[in-house]
Amino acid sequence: MENEAGALSRVAGLFSARGYNIESLCVAPTVDETLSRMTLVTRGDEQIIEQIIKQLNKLIDVVKVQDMADAPHIERELMLIKVQAQENSRNEVYRLAEIFRGQIIDVSESSYTIQMVGPGHKLDAFVTALGAIPVVEIVRSGALGIARGPRGMAVPEA
Amino acid sequence: MPFGLALRRKTQAGFDAFGSINLKERKRVELSGGQILVECLKAEGVDAVFGYPGGAVLHIYDALFQQEQVKHILVRHEQGAVHMADGYARATGKPGVVLVTSGPGATNAVTGIATAHMDSIPLIVITGQVPTSLIGNDAFQEVDNVGITRPCVKHNFLVKDVRDIAITMKKAFYIATTGRPGPVVVDIPKDVTDPRVTIPFDYPASVSLRSYHPTVKGHTGQIRKAIDLIINAERPMIYSGGGVILGGASAQLTRFARLLNYPITNTLMGLGAYPASDRQFLGMLGMHGTYEANMGMHHCDVLIAIGARFDDRVTGNLAKFCPTAKIVHIDIDPASISKNVVVDVPIVGSVKSVLEEMLPLIEDAGGAKQPEALTAWWAQIAQWRDMRCLDFKTNGDVIKPQYVVQKVWEITQGDAYVTSDVGQHQMWAAQYYGFDKPNRWINSGGLGTMGFGLPAALGVKFAYPDEEVVCVTGEGSIQMCIQELSTALQYHLPVKVVSLNNRYLGMVRQWQEFFYSGRYAMSYMEALPDFVKLAESYGHVGMRIEKASDVEGALREAFAMRDRLVFMDFQTDPLENVYPMVPAGAGLNEMILV
Numbered sequence: 000m001e002n003e004a005g006a007l008s009r010v011a012g013l014f015s016a017r018g019y020n021i022e023s024l025c026v027a028p029t030v031d032e033t034l035s036r037m038t039l040v041t042r043g044d045e046q047i048i049e050q051i052i053k054q055l056n057k058l059i060d061v062v063k064v065q066d067m068a069d070a071p072h073i074e075r076e077l078m079l080i081k082v083q084a085q086e087n088s089r090n091e092v093y094r095l096a097e098i099f100r101g102q103i104i105d106v107s108e109s110s111y112t113i114q115m116v117g118p119g120h121k122l123d124a125f126v127t128a129l130g131a132i133p134v135v136e137i138v139r140s141g142a143l144g145i146a147r148g149p150r151g152m153a154v155p156e157a
Numbered sequence: 000m001p002f003g004l005a006l007r008r009k010t011q012a013g014f015d016a017f018g019s020i021n022l023k024e025r026k027r028v029e030l031s032g033g034q035i036l037v038e039c040l041k042a043e044g045v046d047a048v049f050g051y052p053g054g055a056v057l058h059i060y061d062a063l064f065q066q067e068q069v070k071h072i073l074v075r076h077e078q079g080a081v082h083m084a085d086g087y088a089r090a091t092g093k094p095g096v097v098l099v100t101s102g103p104g105a106t107n108a109v110t111g112i113a114t115a116h117m118d119s120i121p122l123i124v125i126t127g128q129v130p131t132s133l134i135g136n137d138a139f140q141e142v143d144n145v146g147i148t149r150p151c152v153k154h155n156f157l158v159k160d161v162r163d164i165a166i167t168m169k170k171a172f173y174i175a176t177t178g179r180p181g182p183v184v185v186d187i188p189k190d191v192t193d194p195r196v197t198i199p200f201d202y203p204a205s206v207s208l209r210s211y212h213p214t215v216k217g218h219t220g221q222i223r224k225a226i227d228l229i230i231n232a233e234r235p236m237i238y239s240g241g242g243v244i245l246g247g248a249s250a251q252l253t254r255f256a257r258l259l260n261y262p263i264t265n266t267l268m269g270l271g272a273y274p275a276s277d278r279q280f281l282g283m284l285g286m287h288g289t290y291e292a293n294m295g296m297h298h299c300d301v302l303i304a305i306g307a308r309f310d311d312r313v314t315g316n317l318a319k320f321c322p323t324a325k326i327v328h329i330d331i332d333p334a335s336i337s338k339n340v341v342v343d344v345p346i347v348g349s350v351k352s353v354l355e356e357m358l359p360l361i362e363d364a365g366g367a368k369q370p371e372a373l374t375a376w377w378a379q380i381a382q383w384r385d386m387r388c389l390d391f392k393t394n395g396d397v398i399k400p401q402y403v404v405q406k407v408w409e410i411t412q413g414d415a416y417v418t419s420d421v422g423q424h425q426m427w428a429a430q431y432y433g434f435d436k437p438n439r440w441i442n443s444g445g446l447g448t449m450g451f452g453l454p455a456a457l458g459v460k461f462a463y464p465d466e467e468v469v470c471v472t473g474e475g476s477i478q479m480c481i482q483e484l485s486t487a488l489q490y491h492l493p494v495k496v497v498s499l500n501n502r503y504l505g506m507v508r509q510w511q512e513f514f515y516s517g518r519y520a521m522s523y524m525e526a527l528p529d530f531v532k533l534a535e536s537y538g539h540v541g542m543r544i545e546k547a548s549d550v551e552g553a554l555r556e557a558f559a560m561r562d563r564l565v566f567m568d569f570q571t572d573p574l575e576n577v578y579p580m581v582p583a584g585a586g587l588n589e590m591i592l593v
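Residue numbers (numbering that gives the first Met the number 0), protein chains in the order written: chain A, 0 to 157; chain B, 0 to 593.
Think of the hints as simulated: they come from the structure by calculation, not from any bench. Don't take each hint at face value.
Derived pair list, reagent style DSSO-like, types lysine-lysine, alpha-carbon separation capped at 27 Å [what the hints assert, rightly or not]:
| id | chain 1 | residue 1 | chain 2 | residue 2 |
| --- | --- | --- | --- | --- |
| 1 | B | Lys338 | B | Lys224 |
| 2 | B | Lys169 | A | Lys57 |
| 3 | A | Lys63 | B | Lys338 |
| 4 | B | Lys338 | B | Lys216 |
| 5 | B | Lys325 | B | Lys224 |
| 6 | B | Lys436 | B | Lys399 |
| 7 | B | Lys338 | B | Lys325 |
| 8 | A | Lys121 | A | Lys81 |
| 9 | B | Lys169 | A | Lys63 |
| 10 | A | Lys63 | A | Lys53 |
| 11 | B | Lys392 | B | Lys546 |
| 12 | A | Lys57 | B | Lys93 |
| 13 | A | Lys57 | B | Lys338 |
| 14 | B | Lys41 | B | Lys169 |
| 15 | A | Lys53 | B | Lys216 |
| 16 | B | Lys216 | B | Lys93 |
| 17 | B | Lys70 | B | Lys93 |
| 18 | A | Lys57 | B | Lys159 |
| 19 | B | Lys406 | B | Lys436 |
| 20 | A | Lys63 | B | Lys216 |
| 21 | B | Lys319 | B | Lys224 |
| 22 | B | Lys406 | B | Lys392 |
| 23 | B | Lys532 | B | Lys399 |
| 24 | B | Lys169 | B | Lys216 |
| 25 | B | Lys338 | A | Lys53 |
| 26 | B | Lys216 | B | Lys436 |
| 27 | B | Lys159 | B | Lys41 |
| 28 | B | Lys224 | A | Lys53 |
| 29 | B | Lys368 | B | Lys224 |
| 30 | A | Lys53 | B | Lys325 |
| 31 | A | Lys57 | B | Lys216 |
| 32 | B | Lys532 | B | Lys546 |
| 33 | B | Lys325 | B | Lys216 |
| 34 | B | Lys436 | B | Lys93 |
| 35 | B | Lys338 | B | Lys319 |
| 36 | A | Lys53 | B | Lys319 |
| 37 | B | Lys546 | B | Lys406 |
| 38 | B | Lys169 | A | Lys53 |
Isolated chain A (complex conformation) (with noise of 0.2 Å):
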């Protein structure tokens, strides 16, 4: 979309006034600076999408919409999670993180921040493996996705 004041809330506006929903969104600028790119993850049958696909299109700042489940693709979100990491924890949480492989990026006496990237599905189990280990904070980016193959998503001209 356009990289322009407002664009984000028309898209977010867009949601909330017909009823969609966001489960995660991400948004930054691209190489081409006039353009940001937004990956957005909702959940409906396929009128709803076909609709949510449509109405996206008719915003003016959308430049073009791609449904990436239409297509083998890669989706990725990257996860910084702060865990308490005790005497008796400290060495079940790095190995844990090894497993996952997730790097620890800050260290205190009693805690291990883990910073993780992987598919949504990746991360929940890494959160589920730490058990009774107590998790002190979590942020998640919400996810990127992008299409397999050579082929990369083309702008149509003006």
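Since the structure of chain A is provided, determine the placement of chain B on it from the hints.
Then chain B, alone, in the frame of chain A:
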């Protein structure tokens, strides 16, 4: 002479005495933001701006004052300004232009903007904003107008630099008038129109947006598929809506229906797109549609939807809607297709272009292929028509509202521009004033805005001073924008106001009678004003008509006063209902007839 002083127009470098830019000097003339805005309006061929001044738009008003090409109509409330521009747009097909100030000026305009948005009417609404340096500071008369109007516009802009005014205005007109039309708001902070800041002016000849490419031409394969379905129909039905009027495709629609000899119904917004007096016309459909139109919809085998959007007031219960029909849907807005009702053959494109493409294909195919089935279908329709669902009982000298509308039709020879407010009178006007031409029936169908009728009528009258313009209203609705009677006097806009005064908020009362066991909660209008005196105090002619036998004479007298606004207060039957009626949750075949 103080007036002479006030009205004298200064001439500035590069301008002639009328404030037009001298073309030879154009290249080196530098203009302020306010002047640029006015030049943009001229370049777009705008002849009128409906508005109300205030602090944030003073620079623009000053620029407007120093020229004569673009006229300004000073309203009495900003809602009235938007409805006037809206009426003007609906009647002429050109975009209406509004100019209001920041804060309350802008919020007062919101109801009008939402009204236009729901009915896809092209408007350019210029709103003032506090200076850029104060935005976000809770400044005097500040609201986030782009934020407030976002859900009820086609698009909106905040212009933060004088150099962006021209391109933004070009985009605004382009977006408002192309594709599925709609209102565009342009919010302009005061400093952007500062007369001390001038820049060279150059209005772009065209504009293109990478994210906005409305589809005009329908998909050829889909058109062929549709034709196949259409010509082989045994019980066809054409259902056309406001899109045909907005798309200027009334002639194409008429040829299409006649070529096939298929029955046709219009939505509330589509009335006039097909001549009401034609034998193929079954009347309006939907909640207060005719028996024959709704039964035809329910029993048809092929439904041809043209520029209509399957609104809930049209479909009734979706589960019971057109149970046996294959549906072809032509619409310029892809989001209107399969939104409420899943269709079999969608065609995205302008109705005019698609119908023009269809007509020769139908001719080549030799027209409709099922003449025997069609004859039987018309015989069935004739039986439904024999129910005479719009007949109403008269009751001595009590004025029946339907009768008043019939007489208005007779006296204006069915050729007036008729605006309405919202409620029972709106339905009676739609049912009993047979519109033979498009753009003549002007009402708030989507949003259902009471207060729309009078200002809309004034907008139409401004556009067409020689045409008869009638506002059919009720004593409830008219009081929501009655202050515009004052605007009517100032700009000499002698419309005729036909008020069907039943002393009730009639449609509310009707629902309370049917669905709330007659508990008339707050639907009775006590303490009504004396509308005759009210009209007179605004400088117009007021008439009060109490007997059915006086209706025709009063109307003739009123319409004979060509250059006066006449307010006719008809004391009508307080308990009359609008029939037929499809109750909420029912199918179109489940009408209450009387």
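Now for the hints, and whether the structure bears them out:
Distance hint between lysine 338 of chain B and lysine 224 of chain B is fulfilled; the C-alpha atoms sit about 21 Å from each other, no more than 27 Å. Distance hint between lysine 169 of chain B and lysine 57 of chain A is fulfilled; the C-alpha atoms sit about 19 Å from each other, no more than 27 Å. The suggested pairing of lysine 63 of chain A with lysine 338 of chain B holds, with an alpha-carbon distance near 20 Å, which does not exceed 27 Å. The straight-line distance between the Cα atoms of lysine 338 of chain B and lysine 216 of chain B is roughly 21 Å, inside the 27 Å bound, and the hint therefore holds.
Taking the CA atoms of lysine 325 of chain B and lysine 224 of chain B, the gap is near 12 Å; set against the 27 Å cutoff, the hint holds. Distance check on the hinted pair: lysine 436 of chain B and lysine 399 of chain B sit about 26 Å apart at the alpha-carbon level, within 27 Å; holds. With a C-alpha separation of about 16 Å, the suggested pair lysine 338 of chain B and lysine 325 of chain B falls inside the 27 Å cut-off, and the hint holds. Between lysine 121 of chain A and lysine 81 of chain A the alpha-carbon distance is near 17 Å, which keeps this suggested pair within the 27 Å criterion.
A C-alpha spacing of about 23 Å is found between lysine 169 of chain B and lysine 63 of chain A, which places the hinted pair at or below 27 Å, so the restraint holds. Using a Cα cut-off of 27 Å, the hinted pair lysine 63 of chain A and lysine 53 of chain A holds, with the two alpha carbons roughly 11 Å apart. Distance restraint check for lysine 392 of chain B and lysine 546 of chain B: the Cα-Cα separation of roughly 15 Å lies within the 27 Å cut-off, and the hinted pair is therefore satisfied. For a cut-off of 27 Å, the pair hint linking lysine 57 of chain A to lysine 93 of chain B stands: about 22 Å separates their Cα positions.
About 14 Å separates the Cα atoms of lysine 57 of chain A and lysine 338 of chain B, which keeps this hinted pair within 27 Å; it holds. With a C-alpha separation of about 12 Å, the suggested pairing of lysine 41 of chain B with lysine 169 of chain B holds against the 27 Å cut-off. Between lysine 53 of chain A and lysine 216 of chain B the alpha-carbon distance is near 18 Å, which keeps this suggested pair within the 27 Å criterion. A C-alpha spacing of about 22 Å is found between lysine 216 of chain B and lysine 93 of chain B, which places the hinted pair at or below 27 Å, so the restraint holds.
For the hint pairing lysine 70 of chain B with lysine 93 of chain B, the CA-to-CA distance comes to about 15 Å; that is within 27 Å, so the pair holds. Restraint check for lysine 57 of chain A and lysine 159 of chain B: the C-alpha separation of about 25 Å stays at or below 27 Å, so the hint holds. For the hint linking lysine 406 of chain B to lysine 436 of chain B, the alpha-carbon distance of about 18 Å falls within 27 Å, and the restraint holds. Only pairs whose Cα atoms come within 27 Å are accepted, and lysine 63 of chain A paired with lysine 216 of chain B is accepted, the gap being roughly 20 Å.
Proximity of lysine 319 of chain B to lysine 224 of chain B is assessed by CA-CA distance (about 26 Å); at most 27 Å being required, the pair is judged to hold. Distance check on the hinted pair: lysine 406 of chain B and lysine 392 of chain B sit about 16 Å apart at the alpha-carbon level, within 27 Å; holds. At roughly 24 Å between alpha-carbon atoms, lysine 532 of chain B and lysine 399 of chain B fall within 27 Å of each other, so this suggested pair holds. Restraint check for lysine 169 of chain B and lysine 216 of chain B: satisfied, since their Cα atoms lie roughly 24 Å apart, inside the 27 Å limit.
Between lysine 338 of chain B and lysine 53 of chain A the CA atoms are separated by roughly 10 Å; this keeps the pair inside 27 Å, and the hint holds. Under the criterion of a C-alpha separation no larger than 27 Å, the hint pairing lysine 216 of chain B with lysine 436 of chain B is consistent with the structure, at around 25 Å. Only pairs whose Cα atoms come within 27 Å are accepted, and lysine 159 of chain B paired with lysine 41 of chain B is accepted, the gap being roughly 22 Å. Between lysine 224 of chain B and lysine 53 of chain A, the direct Cα distance comes to roughly 23 Å. Compliance with the 27 Å bound is thereby established for this hinted pair.
At most 27 Å may separate the alpha-carbon atoms for a hinted pair to count; lysine 368 of chain B and lysine 224 of chain B meet this at roughly 15 Å. For the given pair, lysine 53 of chain A sits about 23 Å from lysine 325 of chain B by alpha-carbon distance, which is consistent with the 27 Å threshold. Among the hinted pairs, lysine 57 of chain A with lysine 216 of chain B is consistent with the structure: their alpha-carbon atoms are about 18 Å apart, no more than 27 Å. The straight-line distance between the Cα atoms of lysine 532 of chain B and lysine 546 of chain B is roughly 19 Å, inside the 27 Å bound, and the hint therefore holds.
With a CA separation close to 23 Å, the supplied pair lysine 325 of chain B and lysine 216 of chain B stays within the 27 Å bound. About 17 Å separates the Cα atoms of lysine 436 of chain B and lysine 93 of chain B, which keeps this hinted pair within 27 Å; it holds. This hinted pair checks out: lysine 338 of chain B and lysine 319 of chain B have alpha carbons roughly 16 Å apart, not beyond 27 Å. Proximity of lysine 53 of chain A to lysine 319 of chain B is assessed by CA-CA distance (about 26 Å); at most 27 Å being required, the pair is judged to hold.
Restraint check for lysine 546 of chain B and lysine 406 of chain B: satisfied, since their Cα atoms lie roughly 14 Å apart, inside the 27 Å limit. For the hint linking lysine 169 of chain B to lysine 53 of chain A, the alpha-carbon distance of about 25 Å falls within 27 Å, and the restraint holds.
The structure is consistent with each of the numbered hints, conforming to all of them.
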